[in-house]
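Engineer: What follows is each chain in one-letter form.
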Amino acid sequence: MSAPTSRTSAMLDRVLIGLALAIAVLAPLVLHSAYWLRVLILICIFAIVNQAWNLIIGYAGIWSFAQLALFVMGGYTTALMSLNLGWSPWLGCIAGAVVATLASMVIGIPSLRLKGAYVFLLTLAFHEIFRNLFILDTDQRFGGQYGLQRFEKWNFGGEGSVEKLTRTYYVALALLIVASLVIWRIIHSPMGLAFRSLRDSEAYALSRGVPEYRFKLLVYAISAFITGFAGAFYAHYLGSISPTNLDFNILMTQMAMIVIGGWGTFFGPILGTIVVKLADEQLRDFEQLRTLIFGAAMVATVIFLPKGLVAPLAALKNRLAAAIDARRGDADPPAA
Amino acid sequence: MSQISLVIYQGLVLGAIYALMALAFTLVYGALRFLNLSLGALFTLGAYVAFVISGQLGLPAIAGIVGAFVLVGLAGVGVYQIAVRPLVGRPGWEIASIISTLGVGIVIQQLIQLVWGPRNQAMPEIVSGNLRVGDVLVIQYQRVAVVLVSLVVMTALWFFLTRSRHGLAIRAVAQNRDAAYLNGASVNRIFMLVMALGSGLAAVAGVLLSTVLISLNPTVGLSYALRGLVVTIFGGLGSITGTLAAAFIIGLFEAFVSVYLGEGWKLPALFLFLIVVLVIRPGGLAGVSAEERT
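Heads up: the protein sequence lines correspond to chains A and B, in order.
Numbering of the first sequence is given in this note's numbering, commencing with residue 1 and proceeding in unit increments.
Numbering of the second sequence is given in this note's numbering, commencing with residue 1001 and proceeding in unit increments.
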């Protein structure tokens, strides 16, 4: 690709991101319904989790399936802090993020020395252990199967449910933007480069002295911190957290979001979250079919669109950039 | 003392079923180097096929087992053609095939639920009657039959792998795909054969388990697929003898936990056990070397 094309392409990137942000900011004013605001808030929260998950599964090559466990752990932490110690939700969010980070180290230290299928199974094992421990909790410290309820919900002021939800949505959107910026910085840092080199040519990367294990632990911790924070935010949004948040179907839906959007791409998880969540809402009346459709869509995407839905969109954008370049080239040839 | 005999009895029955399930994973992993996560759903499908043949059509139990093996084996070939074959050889295909077989598994499980409904169904007995030994242990002939069927299937598999040309080709592909190809083995056909065999084994495991549980439902496969994976990894991915030993060790361990700690602790204890094993001995029982742990 020649230099002017990539410059136009970068400019188009900025225009498109600006457009997407504008739509995200204006959406509540246009939709102005409690139902749609709830959908948008959940999209923001799950997009954060999926971004963090994609960072490790798509970029760092860690096939971790403990992401939902870390998310729920953040929620339980803040719920317990709120119920027992009366902590404020924001403090609880930080506590949730810290606990999820510590838990990720408990998972990561034995798992991340291993590879591939072993990581997949060990992390899934942790997921199952957490789920069972919450359900088995007979002395009701964690509320057993019903989980924890009746703790403080977010209150960012405002009158009426639409106004309240609008404010919560803007906070969630801000969190999504911050999390995405952090993840963008990591991907484009020397560490991100190291990960891509590990993913694409492991032997070469190791021979150049990339400290694989330490980097993996670090990125796993960062991902867990973001995920735990999102989990705590989610718990205070719903005002409840329970082991059903760890259901296999939910894990699969999250997976479908990343895969359909495009794993290993920056915008893929966000796009996938929006597409799958909206489809999910449309299919509400077909409880049975919806898991089937997501499963089939996941298989079809892996086979026909390995980079997910962002790939054709990116191709479209590049063609547009080329077209702009061609027109500009006719009118005003670039200076040599 | 009687508690111990209960543990051994239950452990042997579970081990016999886990061995089939784990052999399914290990055969496929050994030859194709990927985890076939559709096996959990195929396990359930096998149980439903036998339920239709023996329960609803009233044919003998052996027809149900053979029918499940054959039909689910064919389904396994279908899974290979649809979800695995287009991916083989692509960069990063190991994770891609994990995701696509997981997706296919979800589809199969949901289809089972659409056809037979989400509720439990009663599974017919293979053999009735039981034998009382001492004051705690009651040996059901049903479970003895389950262990016998599992042993017969494993023996047949062993003869197939060691004595037949196709078995030789499977082992050759597992050891070195390119060399096997250069020596005239049709790798694609071997892959299909392996997928059929693995799926068939999972199906028989599903039939046997549901006869032990005397019931079946569409989600039974998931937790048993996880157990099968635990056994496979513990045994050392791709090693058949390691897998067999691991299946009975895990079966006994699970029976021990459920007798002394209670049913609910089975899965958490199992996973903690696996984590400890992998930290101490990452290659599993068979001791796969570090380079092969990919």
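Treat the hints with caution; some may be incorrect.
Covered, in the sense of this in silico footprint (three residues per stretch, anywhere, with C-beta under 8 Å from a C-beta of chain B), are these stretches of chain A [claimed, not checked]: (1) 16 to 29; (2) 115 to 129; (3) 222 to 230; (4) 289 to 295.
Quick caveat, the hints were computed from the structure, so don't treat them as lab data.
Even for Gly, the Cβ is constructed at its ideal location relative to N, Cα and C.
Engineer: If a hint holds in the structure, say so; if it doesn't, say that too.
Structural biologist: Results for each hint:
Judged by the Cβ-Cβ criterion of 8 Å, the segment 16 to 29 of chain A is not covered by chain B as claimed, because only 0 of its residues qualify and three are needed. Coverage of the segment 115 to 129 of chain A by chain B holds [criterion: at least 3 residues with CB-CB distance below 8 Å; count 12]. Counting residues of the segment 222 to 230 of chain A whose beta carbon lies closer than 8 Å to any beta carbon of chain B gives 0, which falls short of the minimum of three for the stated coverage. Counting residues of the segment 289 to 295 of chain A whose beta-carbon sits less than 8 Å from any beta-carbon of chain B gives 5, enough to reach three: the coverage restraint holds.
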